[in-house]
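Student: Chains as they are written, first to last, in the numbering used here: chain A, 1 to 198; chain B, 1001 to 1288.
Think of the hints as simulated: they come from the structure by calculation, not from any bench.
All figures in this text were calculated on a predicted structure; none of them were measured in a lab.
Positions of the beta carbon are idealized from the N, C-alpha and C atoms, including for glycine.
Errors might be hidden in some of the hints.
Stated by the list, open to error - Keeping only pairs whose Cα atoms sit at most 16 Å apart, straight-line, the calculated EDC-like set for lysine to aspartate or glutamate is:
no. : chain 1 : residue 1 : chain 2 : residue 2
1   : B       : Lys1097   : A       : Glu194
2   : A       : Lys160    : B       : Asp1240
3   : B       : Lys1101   : A       : Glu194
4   : A       : Lys189    : B       : Asp1106
5   : A       : Lys169    : B       : Asp1015
6   : B       : Lys1243   : A       : Asp158
7   : B       : Lys1103   : A       : Glu194
8   : A       : Lys190    : B       : Glu1054
9   : B       : Lys1101   : A       : Glu193
10  : B       : Lys1103   : A       : Glu193
11  : A       : Lys17     : B       : Glu1054
12  : A       : Lys169    : B       : Glu1270
Said to hold, decoys possible - Only part of the chain A face toward chain B is listed, based on derived beta-carbon distances under 8 Å:
no. : residue
13  : Gly20
14  : Gln76
15  : Phe117
16  : Asp118
17  : Lys171
18  : Lys183
19  : Glu197
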Amino acid sequence: MIKTWELDPNFKEEIMKERGGEHLTACFQCSTCTIGCPITEYVPSYNPRKIIQMSLLGMRKEVLSNPDLWVCLICQTCTARCPQDVRISDLLSAIRRIADKEAEAGNIKIDSSRPIFDKAFQHQLEKYGRLYDIGLAKEYYPKREGSFFKGMMAMMNDYKDFGMRMFKKGKMGPKAMFPEKVKDRAVMKKIFEEMGEK
Amino acid sequence: MSVTKLAYYPGCPSDATAIDQDMSTKAVFEKLGVELVEVEDWNCCGAAEVEEPELVYALNARNLAIAEKEGLDIVTPCSICYYNLERSNIALKADDKLRAKVKGIDSSLDYNGKIKAKHVLDVFVNDIGLEELSSKMSKKLNLKVAPYYGCYIGRPPETAFDDPDDPDSMDKLIELMGGEIVPFSQMKTFCCGGPLMMTRSDIAFEMARKILDTAKSAGADCIALACPLCGMMLDGKQADIEKALHVEIDMPVVYITQLLGLALGIDAKELGLNKNAVDTKEILGKVV
Ligand code: SF4
Ligand code: SF4
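With the rest of the complex left out, here is chain B (with noise of 0.2 Å):
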């Protein structure tokens, strides 16, 4: 195994509605032997809501280049902050004039274009690799699961290192520990709503419901994913999306890395699987 230390870029939702995805990240880690170093004082990526891209360049350069100078790749569990991360890594290192105008700013964004950002998923399945997982895994997962990909692993195709139309690197990863995958194609890809939560959030639940209910007919005991507004939406809101749209669903949504860590025979608790919005409780008596 070549990864032994990363730079760990939690994002804003780590202390708080992902805190059960920060607490298994965290875990499956120091269980692999990898170090994660948290990105010394760190700051937002820019989410979905700054549009600027200069912006958004700007406000990732301090972050790359805090962990350039320990010389470290970055890691984050959000889809969303790699997205944001790894194409201002891309623009900054394709464009000395850019790199100019956004140290001119300050010097703590004088960023070389030395690192990479990756997502937990990918560190997972291309760096650690699925050989190295599998010899650690001491438990196996009874689970039928329906793999929930979102947006930005397999697009825009600069950033992505998966499939746009069929990914699947957590398809891998669930057969690797025992569990079987649902019919869910269709949904794999579809974006959760999540952005249009805040303005348009009849849209955002319809949208969200949709998977919900596909995992559901499929026959899933439960759902992964590997991102914080993917959770936020189809987990922290499902009780909403059940009362607004007067419909009961009741589908338990785990963190991609909750699983994992679940087959490396980590304590549930200690993978914050006691602070999912939806129970469970029924998915931890199927882990043997």
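With the rest of the complex left out, here is chain A (with noise of 0.2 Å):
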């Protein structure tokens, strides 16, 4: 049910002043970015075109807490097909971009541990201009868990077999362990400050 007094008619400006966003009130409600969604088979409440029918009304609460936002492969199947140009992958981002600013704010909770992953794959880029998989792992986990010691069971759990193959092969060495960096790392800092999450 819609609580009309809960809705904010702001919220459609709000989305469409990200980038990514402009395309919003371009949505007819033809529903071809759900049906060729890969995403559906396997999450069932999974509704692109829903959540832009909710973000046009303004049930921004509803819209930025649901889970589903967080489960987006970004394979912009849905902006290849979407006879309306709406670039609903671009449009689902710049929804999780505001959803991930009001849960810092502690304005909502986020039922998924995509955001903290994200953000920790970031601080790697941020600290040395490549991915560094064992520092983003390290940082992951236990956030995930809630405590560094289920953090380091459950990164064993999903890496161990794995670490051991590529080990095998050839692809994970020494070297591994140690971060890859870029020589010109203060301007990686630069870049983070300027253009990354406030």
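Join the two chains into one complex using the hints; note that each chain is given alone, in its own frame.
Tutor: Printed below as a string of structure tokens:
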């Protein structure tokens, strides 16, 4: 049920101000995006058309706290098929960025580990300029599991077979223990300061 | 042939999980007489985890600017790197204000929009061309191949270099090498699940399994692909998928650069074919 007193008439504009969110109002609710989306097979509640409809109606809180936002693959299938050029893949990214800011501000809770993962990933780039897998895992797993010990157990569970397999094939040696770094790390820091999430 | 020299953007997995792709890419271009100059001190493209578009543009402005100084177009074997480099290129070219803002961060981000970013597959099929490639091939691949394209080759429209629903650049290349394409259209552009591997591995594994199963029931000797994240899911994680979902798959997965290398007569070891997680020996026996 829609409670009209909770609708936010400015939500549309808020999304359309974000890069990638500009085409929101072009949607004519045809469902092409949803029919072709690979995730719907695995997450039956997943419905990008509905997320757009709810956004247009101003159901800000419901949209921003919907955990389905965080299972989008950014695969661009929807974008390629949309007859209205809504750019849904980019649009969902714009909505996720607003959700993330609201969660950081303590206004909503996000029921997904994806924001933790994305941030841990970005921290590697900010520090080293390249992806450092071990640094990423060491930040991600403990934060996801809520403790260092549980995090290390979860990481072992996911990686022990894989790590051994890669090691045997000569794809992960002692070198992988240490980060690859770009020489100009000062510029990485500046890029994140200027363009990163504030 | 018009291409003689390109800037090479290897991408982060190039010295670890996708070292086989990196080795085969370098070996193939050398054999084709195209010089690769690595983008000096390149940084990560942002992958799928950096969602802020302006951050992606700034990160890639640096890579683009380095190649631009050399006067070279960039080539990369990774579909996500390609997507991020080229969408940044398009955004920066179109928007003076954005370019000025990015340049304001640091002078090393001063990019003037003079080059292009390209995917290796695009360079092989559309720049070098099938005729030229064919003239350099010395071996025939007696292989049944499932060509897997994944996400960023045929979409989104502004960076795509192939059809969104039925891409065929890899098909053409494989047929040119003597390979046979197995029926695989419905899986060609289905996402491998990679972006969810660390946060929803249950979904990611099911998606990858669907691709692997389809290739298997189509009778493929191997899957050919052109992205290290797809390679990680379908090859690197295949044994984990088998274990988690209680299935047996055993489907070799190779990079298109490895197949092309074989057809060009390059030694299998030099192409890293002893490094793919699923054994490739049976494939090698069918190269004559
Ligand atoms: S395909 Fe485009 S127009 Fe149709 S519902 Fe989805 S976003 Fe709206
Ligand atoms: S980008 Fe997201 S919403 Fe669009 S088709 Fe892919 S998974 Fe579905």
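Student: Compare the structure with each hint and give your call.
Tutor: Evaluated hints:
no. : hint                   : in the structure
1   : B:Lys1097 <-> A:Glu194 : 15 Å, holds
2   : A:Lys160 <-> B:Asp1240 : 10 Å, holds
3   : B:Lys1101 <-> A:Glu194 : 9 Å, holds
4   : A:Lys189 <-> B:Asp1106 : 11 Å, holds
5   : A:Lys169 <-> B:Asp1015 : 13 Å, holds
6   : B:Lys1243 <-> A:Asp158 : 12 Å, holds
7   : B:Lys1103 <-> A:Glu194 : 11 Å, holds
8   : A:Lys190 <-> B:Glu1054 : 13 Å, holds
9   : B:Lys1101 <-> A:Glu193 : 13 Å, holds
10  : B:Lys1103 <-> A:Glu193 : 14 Å, holds
11  : A:Lys17 <-> B:Glu1054  : 13 Å, holds
12  : A:Lys169 <-> B:Glu1270 : 14 Å, holds
13  : Gly20                  : 6 Å, holds
14  : Gln76                  : 4 Å, holds
15  : Phe117                 : 5 Å, holds
16  : Asp118                 : 5 Å, holds
17  : Lys171                 : 5 Å, holds
18  : Lys183                 : 5 Å, holds
19  : Glu197                 : 6 Å, holds
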